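Novice: What follows is each chain in one-letter form.
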Amino acid sequence: MSAELHCSQELLLQADFDGELDAAESASLQAHLQSCAICGPALLRLQRSRSLLARAPRFAAPARLRASVRELARSDPRSDIERVPRDHGFAARIRYLVGGAGFGALAASLLTFFMIGGPASYLAESVVDNHLRAMRSEAHLVDVASSEHHTVKPWFSGQIDFAPPVKDLEAFGYRLRGGRVDVVAGRDAAVLVYEAGAHKIDVSIQPRAAGSAPAELRGFNVRRFEDGEFTVWAVSDLNARELDAFVEHWRSTE
Amino acid sequence: MLESAPLLERHIEEKTLPGVTSFEVIATTHLDAAYSLARWLTRDSVLAEDVVQDAMVRALTYFAGFRGENPRAWLLQIVRNVALGKLGARVEPVSLDSPEASSGESLADTLTDGADGPDTALEREQDHRQVNELLNRLPVELRECLVLREIEDCSYKEIARIIDAPIGTVMSRLWRARQMLGDLVDEQEKSA
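In order, the protein sequences belong to chains A and B.
Per my numbering, the very first residue in the first sequence carries number 1; after that it's consecutive.
Per my numbering, the very first residue in the second sequence carries number 1; after that it's consecutive.
Isolated chain A, as found in the complex:
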């Protein structure tokens, strides 16, 4: 075996090579590299292993495997259970019970479908899913973090092809946390995140589309309304009255 010589920085050297260091760490590693007799050759070795692996075969799933996996996904009722905690509302629990009892995808989605009433609520599901996902991961909550609506509004113009209204509601006790882009029913949605005390409100905005929505879904309150050329969804764990108040403030603010 070669490489008897070791440098305490070798794993950092490798992390830099793999693009895992931030700018400051990377700069100090580069400075070390200039003066280290071990790391220079070690870097060459890393580069050689990478160019070797660039010539490795790439394997693709055989067509028959692809077909059977698709078949499995389509036929198994469990592929239709949504990724929400079981204790998250009555509908999810019923769906789980029915699915678990072996009734299959048909019964399960039929039930969901009728319980919350059709395609319009599919949109609501999608909005609530996004809200849940964002709540679970602090990092995904906002793509641009700013309490300044003058910062958030232009950010969207680089991301999506419409300009959503971004409102300053601080005066009413709703602090803007930032914004992100979600996908709702296959279309981009601009999402503004406001804070009301310990509660978060997601305001999801898309160019206007027809539809209606349930007022409550899986334990979250949901409001859907039109604002100019946009359809706006507000989702929050605020109680119904408080969310109504938020919507009222939103609508009366330019």
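Keep in mind the hints are simulated off the structure, nothing from the lab.
Predicted, not measured: the structure shown is a model, and the values here were computed from it.
It cannot be assumed that every hint is accurate.
Said to hold, decoys possible - Computed footprint of chain A on chain B; a stretch qualifies when at least three of its residues, placed anywhere within it, have a C-beta under 8 Å from a C-beta of chain A: (1) 33 to 45; (2) 170 to 177.
As the list claims (entries may be wrong) - Here are the computed lysine to aspartate or glutamate pairs in the EDC-like style, where the Cα-Cα straight-line distance is at most 20 Å: (3) A/200 / A/244; (4) A/153 / A/188; (5) B/157 / A/22; (6) A/153 / A/143; (7) B/157 / A/20; (8) A/153 / A/170; (9) B/86 / B/49; (10) B/157 / A/18; (11) B/86 / B/44; (12) B/86 / B/164; (13) A/153 / A/254; (14) B/157 / A/25.
Beta carbons: idealized from backbone N, C-alpha and C, even for Gly.
Fit chain B to the supplied structure of chain A, relying on the hints for placement.
Specialist: Chain B in isolation, oriented as in the chain A frame:
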């Protein structure tokens, strides 16, 4: 209930829209990555297919508890566990001097773009065979890290999740894998 059938169909279709990621979308989107990892771990195309099949069945049972974050890493983690289970969870002996085990291996499941002339195709085939043999001589716990990093382009964090080990372990295994690969190449060049 008669009129519910077309409605239901539409409902199911809508569920596979982007952003609502159904199991089918996850499974088919990451199928090549799943197969590739299984293939590198098992070094056998038939066994790799079995592994992916079993992994998908297992993934379905876990799907209800899946939170939707990084579906690829989630799936690869399952594939990896199934593959190691099938390999008997043993740590393979490092076969520094016996590449026979893999030299007869078929590479028929390799991706090609088909646009090359016969010479390039032949060269690439030789390339593939050579790199494949070298890589297959690494012990599985080093090979998996290297394959995930260099072929599946995973971050350290993703690798750590997939192999269920701390990032420090990922870093030192990657380092050892690369050193060992370098040694194998040196050795090969010396004997040539």
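Novice: So, for every hint listed, does it hold in this structure?
Specialist: Hint check:
Only when three residues or more bring their CB closer than 8 Å to a CB of chain A does the claim for the segment 33 to 45 of chain B stand; here the count is 6, and the claim holds. A count of 4 residues in the segment 170 to 177 of chain B with a Cβ less than 8 Å from any Cβ of chain A is obtained; the coverage claim is therefore met, three being the minimum. Between residue 200 of chain A and residue 244 of chain A the CA atoms are separated by roughly 14 Å; this keeps the pair inside 20 Å, and the hint holds. Between residue 153 of chain A and residue 188 of chain A, the direct Cα distance comes to roughly 15 Å. Compliance with the 20 Å bound is thereby established for this hinted pair.
A C-alpha spacing of about 15 Å is found between residue 157 of chain B and residue 22 of chain A, which places the hinted pair at or below 20 Å, so the restraint holds. For a cut-off of 20 Å, the pair hint linking residue 153 of chain A to residue 143 of chain A stands: about 12 Å separates their Cα positions. Among the hinted pairs, residue 157 of chain B with residue 20 of chain A is consistent with the structure: their alpha-carbon atoms are about 10 Å apart, no more than 20 Å. Note on residue 153 of chain A and residue 170 of chain A: the hinted pairing holds, with a Cα-Cα distance of about 16 Å set against a maximum of 20 Å.
Under the criterion of a C-alpha separation no larger than 20 Å, the hint pairing residue 86 of chain B with residue 49 of chain B is consistent with the structure, at around 12 Å. The hinted pair formed by residue 157 of chain B and residue 18 of chain A meets the criterion: a straight-line CA distance of about 12 Å does not exceed 20 Å. Restraint check: the Cα-Cα separation between residue 86 of chain B and residue 44 of chain B comes to about 12 Å, which is no more than 20 Å; the hinted pair holds. Taken as a hint, the residue 86 of chain B and residue 164 of chain B pair is honoured in the structure, with Cα atoms around 18 Å apart against an allowance of 20 Å.
Only pairs whose Cα atoms come within 20 Å are accepted, and residue 153 of chain A paired with residue 254 of chain A is accepted, the gap being roughly 14 Å. A C-alpha spacing of about 17 Å is found between residue 157 of chain B and residue 25 of chain A, which places the hinted pair at or below 20 Å, so the restraint holds.
Checked against the numbered hints above, the structure violates none of them.
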